[in-house]
Amino acid sequence: MSERQHPLAALTKTRLLEFVREPEALFWVFAFPILMALVLGFAFRDRPPDPVPVGVVDGPTAADISKALAAAGTVKPSPYGTLPAGLEALRTGKIALLVEEPGGLNGPIYHFDATRPDSRLARLEVDDAIQRARGRTDPAPARETLVHEKGSRYIDFLLPGILGLNLMGTGIWGIGFSIVNARLKKTLKLMVATPMRKSHYLLAQIFSRFVFLVVEVAVILLFGVLAFQVPVRGSVALLCFVTILGALCFGGMGLLVASRARTLEAANGLMNLVMVPMWLLSGVFFSSERFPKAVQPLIQALPLTALNNALRAVMLEGHGMAAVGAELLVIVLWGAASFAVALKIFRWQ
Amino acid sequence: MSATPAAISCRSLKKYYADVKAVDGLDLEVRAGECFGLLGPNGAGKTTTIEILEGLTKPDAGDVVILGRRWGSQEHELREKLGVSLQESRLTEKLTVYETLSLFRSFYVRGRSPEQLLEDLSLEEKRDARVGKLSGGQRQRLAVACALAGDPELLFLDEPTTGLDPQSRLQLWERIAAYKAAGRTVLLTTHYMEEAERLCDRVAVVDHGRIIAQGSPAELIAGLRAPHIIEFATEPPVDDALLAAIPGIGDRRQRDGRWLLAAGSLAQAVPALVEALEAADARLVTLSTHRATLEDVFISLTGRELRDE
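First to last, the sequence lines map onto chains X and G. Everything in the first sequence is counted per our numbering, starting at 1 for the first residue and increasing by one. Everything in the second sequence is counted per our numbering, starting at 350 for the first residue and increasing by one.
Hints in this document: simulated from the structure, not taken from any laboratory. The C-beta atom is built at its ideal place from N, Cα and C for all residues, glycine as well. Please note that the accuracy of each hint is not assured.
Stated by the list, open to error - Quick list of in silico lysine to any residue cross-link-like pairs, SDA-like style, CA-CA up to 25 Å:
no., chain 1, residue 1, chain 2, residue 2
1, X, K198, G, E424
2, G, K443, X, E265
3, X, K189, G, S462
4, X, K186, G, A582
5, X, K185, X, A266
6, X, K186, G, E584
7, G, K430, X, A89
8, X, K189, G, D630
9, G, K430, X, L8
10, X, K189, G, D409
11, X, K186, G, R488
12, X, K185, G, K482
13, X, K186, G, E424
14, G, K529, G, R518
What the hints assert, rightly or not - Where chain G lies over chain X, by a calculated footprint (3+ residues, C-beta under 8 Å):
no., region
15, 182-191
16, 293-303
Only chain G is shown next, with the shape it has when bound in the complex:
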């Protein structure tokens, strides 16, 4: 056994549906004890991939090993060690939070008690509330609590914070970080860059059913030719042709009436930009710079934005 055995390993995974190649030759290795993020836009194949790894969807081809076991013959044994939270699954609305947790706890031979789970996810006050009366954030925490009912070695979370308000998101992040700190493994999918940067030791960028880049968030960002972003707006607006002529500027895109320019060196790019704007009689309204994020990594890899909202 190697020093860090793989919690998840899959090779040449394929899943084709009638009209789309959802997963198209995907290799992945997640080490025990790390939090790994599958990153990509909607429809990239993240959910199909995670459901294949969870043993809920059968791949058309490829090999999957989870915690040293395979789906099929060792399914039941494997399920005792996994926690799963699905995207958009709805728990029974007529049950209370406590009843829901007792039900899920009953499925596992070993696990955490409903009381512990309530405490873990700060749901004590909602103990006797019906699931139907919970807010979105509370429901999502309950879903994660259910996934933790068997005190799993490996936790799968499919878009755990999609649609949540910032505070609920923060609460869940804390809980997932605490779970990982106890030496467990997490595989999550997300299309929030911030989530991946905060939680994940490593991420894989998925697009069209393949992994197009993988590594730690810092590595991926450092791998960009232009690790800085200049964000500005002018009055009147300037057009792309003007910006294309400025030396030291890489990818250019617009969002909310602002330009975002990727640059290798700020010392070179910013004076050149200011000079070009003055020459064009465009007055700067705002100007800021920041380090590139995973979002910029995704854009430089695919030429598309990650979020469609």
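Excised from the complex, chain X in its bound form:
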């Protein structure tokens, strides 16, 4: 009969409809990563470092010193009437350094804590400003070239991480919850009682992910490119390939996590067990290189680490296929192993 759809198409369509009719799911998949990128992007946006606050104790030369410091721009002077008042401010961390020149033009005295990096920096900046204002000339004046390249900012580091995080989250949550829910409500059992091919059911879960994937990746990338000018230096085709492999891998892990669980609580626990370590270790918000050397092999073997590294290599450094081969292999292995085990141990009722 002509009205019969292919079961795989019908199952995939069912999954898509279920998803788009769930407003919360739409929020977590699309709006949440953008909100996160927006907040973090602004929190860590590029701007000159704040001038370091320093104190100047009242004295004959205090006005001149303050003027010189204000002109230099790298520190922010504030006046203190007496030495004890200034020292009090220093001790409580309101200022990084206190300048005093009792009795006029006989050389400033710097009060500061040498273990504080900003205090040491202030010592150099303040002394430099005062000495120049009093006529010091440099025997070999230095020149500066300021580097301000797109691709090396925090948002550039963050966006591929958020993309990887989202691929993991939607893969594991999206597939995991839908399957456990169907098992719980016995819809799965009802379908198993029909001639439906079990492989069709599982494939439909993965296929429906691809449709979301296109939208989800496009939304996050466009947002990054348009709002923050995040560069995409490598080939777009390779970037797509990497995200597809990533989505397949986490889809397989979603199947695995959902393959036995009989309750949403059990599934939720398993998902957290799988995802939370990767949230922390896999270099989403900060580089995974910061963890000790001893645990690096472990961290590098995690699928999200591999995915994030590959995404960054392609987007930020413009690397080609050969450079991300090892990462792709890690992703494929995780995906294939998860899928195979899930099929083997899947509980249909």
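Since chain X is already given, all that's left is putting chain G on it; use the hints.
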């Protein structure tokens, strides 16, 4: 091939769980074209039995033949010919009625179109309604429509009308009767006697995982030693000792403040009862008699009531 080949046949079926023998040596033969009812209280093993026959649960022992085939090697082929409605399965709430039917239709090579199914179960008006917005009766009809999507030769219904209002129940009964009238086979479980009496050609009474009686409802009722029931209430109430002494009265039980007495002959039992009540100074408030039902069959077999509600 015999004149009426068996649609379902199983021998010495056993399924033990850790704490209960759910099915304990059950034999069953359902002929093609009949509506067969598995009758019994909750926990009797009806659902386990039907799920074994549906190929959803593996028996610990026993042999099952469905439409001349066996589960295992011929599973897929068999599933094309069966329709299954499970107890308490919930269809996806976010889908519409029509989308649900198209999905189930897609699983079968041959079957009825979603439009036909809507018509079969009078769901046309709910075509585009979400499953989550349907009433209990509508959901149950949709579940049966899904079971009919492959135009099955054999239909399994596990408690199809449990929890439905009388009108919805009647609608489903009509639909099941129409399906059977087209020459198909139905196996249903129920704990409603009325349902079994109306729909089933034959029933099997199941208790503790075994069949304790089987036959047509009329045969089972006729097999009772006391095929009449006298139902009465008195003011003040009378006690069992008084009734036990009356000749011609069999099983006695109480429900909702009334006595129900089984009797072989009304002509003998009713005058004797009236006489005994007068002697005890108990005034009759109501008195009625009716033919025994399957419910009475069950009680005489097990000493328990079928329904616990």
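Results for each hint:
Among the hinted pairs, X/K198 with G/E424 is consistent with the structure: their alpha-carbon atoms are about 12 Å apart, no more than 25 Å. Proposed proximity of G/K443 and X/E265 is supported: the alpha carbons are some 22 Å apart, at most 25 Å. With a C-alpha separation of about 23 Å, the suggested pairing of X/K189 with G/S462 holds against the 25 Å cut-off. At most 25 Å may separate the alpha-carbon atoms for a hinted pair to count; X/K186 and G/A582 exceed this at roughly 46 Å.
Pair hint X/K185 plus X/A266 holds up; C-alpha atoms about 15 Å apart against a cutoff of 25 Å. In summary, the hint linking X/K186 to G/E584 is not supported, as the alpha carbons are separated by about 51 Å, beyond the 25 Å threshold. Taken as a hint, the G/K430 and X/A89 pair is broken in the structure, with Cα atoms around 87 Å apart against an allowance of 25 Å. Proposed proximity of X/K189 and G/D630 is contradicted: the alpha carbons are some 61 Å apart, above 25 Å.
Taken as a hint, the G/K430 and X/L8 pair is honoured in the structure, with Cα atoms around 20 Å apart against an allowance of 25 Å. The suggested pairing of X/K189 with G/D409 holds, with an alpha-carbon distance near 20 Å, which does not exceed 25 Å. With a C-alpha separation of about 14 Å, the suggested pairing of X/K186 with G/R488 holds against the 25 Å cut-off. Restraint check: the Cα-Cα separation between X/K185 and G/K482 comes to about 16 Å, which is no more than 25 Å; the hinted pair holds.
About 20 Å separates the Cα atoms of X/K186 and G/E424, which keeps this hinted pair within 25 Å; it holds. For the given pair, G/K529 sits about 16 Å from G/R518 by alpha-carbon distance, which is consistent with the 25 Å threshold. With a threshold of 8 Å between beta carbons, the proposed coverage of the region 182-191 of chain X by chain G holds, since 7 of its residues qualify and at least three are required. Counting residues of the region 293-303 of chain X whose beta-carbon sits less than 8 Å from any beta-carbon of chain G gives 0, not enough to reach three: the coverage restraint is violated.
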